[in-house]
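Residue numbers for the sequence shown, in my numbering: 2 to 263.
Honestly, the hints are just simulated from the structure, not real lab data. On a predicted model such as this, the values are computed, not experimentally measured, just so you know. Note that the Cβ used here is the ideal one computed from N, Cα and C, for glycine as well. Some clues are possibly wrong.
As the list claims (entries may be wrong) - Under the rule of at most 25 angstroms between Cα atoms (straight-line distance), these lysine-lysine pairs were calculated in the DSS-like manner:
{"id": "1", "residue 1": "K99", "residue 2": "K40"}
{"id": "2", "residue 1": "K249", "residue 2": "K203"}
{"id": "3", "residue 1": "K99", "residue 2": "K88"}
{"id": "4", "residue 1": "K163", "residue 2": "K88"}
To be verified - Each pair of labels, with its calculated beta carbon distance range:
{"id": "5", "residue 1": "P178", "residue 2": "A60", "range": "14 to 20 angstroms"}
{"id": "6", "residue 1": "Q222", "residue 2": "S138", "range": "19 to 25 angstroms"}
{"id": "7", "residue 1": "A239", "residue 2": "M262", "range": "27 to 33 angstroms"}
{"id": "8", "residue 1": "S77", "residue 2": "P157", "range": "14 to 20 angstroms"}
{"id": "9", "residue 1": "D34", "residue 2": "A170", "range": "43 to 49 angstroms"}
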Amino acid sequence: MILGSMMSRLAAGALMALATTQGFAADGPSRLDQVVERKVLNVCTTGDYRPFSYRPDGANDFVGIDIDLARSLAKSLDAEAVFIQTKWSDLLADFKSKCDVAMSGISVTLPRQREAFFSQMYLVNGKAPIVRCDDVSKYQTAEAINQPATRVVVNPGGTNEKFARANLANAQIQLFPDNRVIWQEIAEGRADVMVAESVEVKLQEKLHPGLCAVNPDQPLQYGEMGILLPRGDSDFKAYVDQWLHLAKVTGEFDRIFDANMK
Numbered sequence: 002m003i004l005g006s007m008m009s010r011l012a013a014g015a016l017m018a019l020a021t022t023q024g025f026a027a028d029g030p031s032r033l034d035q036v037v038e039r040k041v042l043n044v045c046t047t048g049d050y051r052p053f054s055y056r057p058d059g060a061n062d063f064v065g066i067d068i069d070l071a072r073s074l075a076k077s078l079d080a081e082a083v084f085i086q087t088k089w090s091d092l093l094a095d096f097k098s099k100c101d102v103a104m105s106g107i108s109v110t111l112p113r114q115r116e117a118f119f120s121q122m123y124l125v126n127g128k129a130p131i132v133r134c135d136d137v138s139k140y141q142t143a144e145a146i147n148q149p150a151t152r153v154v155v156n157p158g159g160t161n162e163k164f165a166r167a168n169l170a171n172a173q174i175q176l177f178p179d180n181r182v183i184w185q186e187i188a189e190g191r192a193d194v195m196v197a198e199s200v201e202v203k204l205q206e207k208l209h210p211g212l213c214a215v216n217p218d219q220p221l222q223y224g225e226m227g228i229l230l231p232r233g234d235s236d237f238k239a240y241v242d243q244w245l246h247l248a249k250v251t252g253e254f255d256r257i258f259d260a261n262m263k
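With the hints as extra help, turn the sequences into a complete structure.
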């Protein structure tokens, strides 16, 4: 009896593992099949993060690298991309309850990886500072920034805040809720530094005369970006990875990236 019970538990465990490796949940089909059937791809995005996901006040739609990529992914599935706005602090909860994917310039982190799958990496994009141009020589390293007199401004809930609290704890860390206009805090002298992804600070340097990215090609911390996917659904992940691979080799990814960096 004991042996039979043990064998039953082992068999159940093997079936569960097989279900996971084959990309479907034990209680339902792959998200891939669901999206194809409903012809809608629900996409969580923040709308506050140029050049990846941005929605100006009063605008009806989002723009950005990840927005264009999401539409391309949806088209490949004969579906329509429907964008659901979220906040960085609510990203995982909203993704798991409302969305098929999350695409918003999302950094790959181990805490996120514990709760979801990521697509293959599509961009290497480490953390770099942006400061007033007169202060570039002053803030060359994390050690130089991590001083009691330095005012570091961050948007709450994402990896920018996590980086600041882990590496710049001696500085004055100021939370600013609107990532779309946070750069004005530095430009107008209310803060000294923001640390964000290197692609973002390069773009903000173009958009805000007087602000300069500090060594964006030699970031303070290595980082990768990927598409957030349902945990355990390897069929859907395999499809998204293949679509992303083809977008890169055909030049579609580069065209989307370049168009959004102007």
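Status of the hints after comparison with the structure:
1. K99 - K40: 16 angstroms, holds
2. K249 - K203: Given that 25 angstroms is the threshold and the Cα spacing comes to 22 angstroms, the pair holds.
3. K99 - K88: Given pair K99, K88 holds - Cα atoms ~13 angstroms apart, limit 25 angstroms.
4. K163 - K88: Given that 25 angstroms is the threshold and the Cα spacing comes to 15 angstroms, the pair holds.
5. P178 - A60: 14 to 20 angstroms: 19 angstroms, holds
6. Q222 - S138: 19 to 25 angstroms: 21 angstroms, holds
7. A239 - M262: 27 to 33 angstroms: Holds - the Cβ-Cβ distance for A239 and M262, about 29 angstroms, lies within 27 to 33 angstroms.
8. S77 - P157: 14 to 20 angstroms: 34 angstroms, violated
9. D34 - A170: 43 to 49 angstroms: 47 angstroms, holds
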